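> Chains A and B, in that order, give the protein sequences. Mind the numbering: the first sequence is residues 1 to 183 in the numbering used here, read in order. Mind the numbering: the second sequence is residues 1 to 260 in the numbering used here, read in order.
Derived by calculation from the structure, the hints in this document are not laboratory data. As the structure is a prediction and not an experimental result, all values here were calculated from the model. Honestly, I wouldn't trust all of these hints.
[Unchecked claim] Each computed BS3-like pair below joins lysine-lysine, with the alpha-carbon atoms no more than 30 angstroms apart:
no. : chain 1 : residue 1 : chain 2 : residue 2
1   : A       : 26        : A       : 91
2   : A       : 91        : A       : 58
3   : B       : 97        : A       : 26
4   : B       : 122       : B       : 195
5   : B       : 33        : B       : 104
6   : B       : 104       : A       : 26
The lines below spell out each chain.
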Amino acid sequence: MHLHLILPIAIVLTFLAACFGGLFWKLASRFDAGRCTAEWLDGFSLESYAPMERLLSKDDTRFLASQPGYHPEIAHRLMAERRGIFAAYLKHLVRDFNQLVGIGRLMVVYSTEDRQEFARRLWRQQVRFYAEVYSLRLQLALYPLGWDLRWTVADARRLVAAVEAMRDQVVLLSSPDQFVGIA
Amino acid sequence: MHQLPIDQQVLLILQLGVLLALCVRIWVSGLHKIYVNFFRYLILEVLQALIPLLVPVESRLYRDLFVTSEVFIVTFEALVVLELYSVILRDLAGIAKIARRYIKITLAFAILVSLLPLSFEKTPNTLTGYLFIFERPILSSLVVFVLLICGFLAYYPVPLGRNVIVYLAGYAVFFLTIATMQFINNMGYFWNRQKSSVDMGITVACQVLWLLALSRQGEEKRVVVGHQWNPGDDQRLLHQLEAINASLLRSGGKNRTKAG
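So that you can see chain A by itself, here it is in the shape it has in the complex (with noise of 0.2 angstroms):
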């Protein structure tokens, strides 16, 4: 008998409960038809993301500290305020991306044509743009301890850029008479 396996066994369950629960309503509410509609999608453009570049720039604070009365805490509360700022692009780029996502998995779905090389782009740039997104936020979560934003500023460039790309490869995918009836 292996009486200390009751306890890995309780876990095991509890996690293997998690899941489906998890499933389940992620089932239940998987889809938001109401977010993903033409409108969106007209409305839809990456030039508000312009200011990312900036926001982080080295540029003004180096023209802050050539002001007289220039004290190092203002720099600090510029930044914070910024890396702030930044933070909330970052969440509706990742939002639009989302949305971009939504839309490609749509049509895969309802395709009428095997849609399985771009399911299998669309599971590929997802991948590498939260993998992208996680390590922005770990680098503006290290900028207190040191960490120099001059990358994060080209890696904010190469989301933007990916979010691009995800419309493009969207538009591609567009062609009349694209879908089949769902009931």
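Using the hints provided, position chain B relative to the given structure of chain A.
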């Protein structure tokens, strides 16, 4: 039947009643034509539930009948899950290949995972012991498989009928419970009475869920929006998809013009 403890006698009668009602409901609603293996599985469950009523539980005949029926039941449990998956993905050409590939990988993974705890299980010395040793990995792999199916469905917005959600929820609880009970049994704990009662109780609960929730209307495929099933969503979504497609075609045209 008189050799069974009183709680199990009650559960057995209850189970038989629920199973018969479920069979009738599935037959009347015409679901037996869609879920053929599920209906056959229910019939087998009815036949197995009849065994303790007709044959003394301690007899060799009971054991042989139980083992034989259990082999068929486990086979049909696996078929039922595969049947559900094929019903869900029917008519969805866009993800047909990726779903097939996913099934292959998932099945292999589920079998591998379910074989891992075998080293903790005792070598059997009875016929039923051997049956449980073979049954537990099959049931565990079904648990993992159902979990991974749910993951796939959570990722892709595949239109689902309410019935599918009910089946999946029932299977998840049912397989998880039975597999755990089997595993505990195979490790050498012989709390047979308690184990059988829990087993029967959960099985009856799942069958009651299916009895109450499965219906012809539940077959209509709908896209779920915000935790509620809305009958108007199908057409609305189709219009939305067409509008999205038109918007993408417009912007694709713009891009091509720019590129040109």
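> A separate judgement is required for each hint: does it hold in the structure or not?
Verification of the hints:
Restraint check: the Cα-Cα separation between residue 26 of chain A and residue 91 of chain A comes to about 21 angstroms, which is no more than 30 angstroms; the hinted pair holds. Distance check on the hinted pair: residue 91 of chain A and residue 58 of chain A sit about 22 angstroms apart at the alpha-carbon level, within 30 angstroms; holds. Simply put, residue 97 of chain B and residue 26 of chain A have alpha-carbon atoms about 24 angstroms apart, close enough for the 30 angstroms limit, and the pair holds. A distance of roughly 17 angstroms separates the Cα atoms of residue 122 of chain B and residue 195 of chain B; the hinted pair therefore holds under the 30 angstroms criterion.
A threshold of 30 angstroms between alpha carbons decides the hint, and for residue 33 of chain B with residue 104 of chain B the separation of about 26 angstroms falls inside it, so the pair holds. For a cut-off of 30 angstroms, the pair hint linking residue 104 of chain B to residue 26 of chain A stands: about 24 angstroms separates their Cα positions.
In this structure, none of the earlier numbered hints is contradicted; all agree with it.
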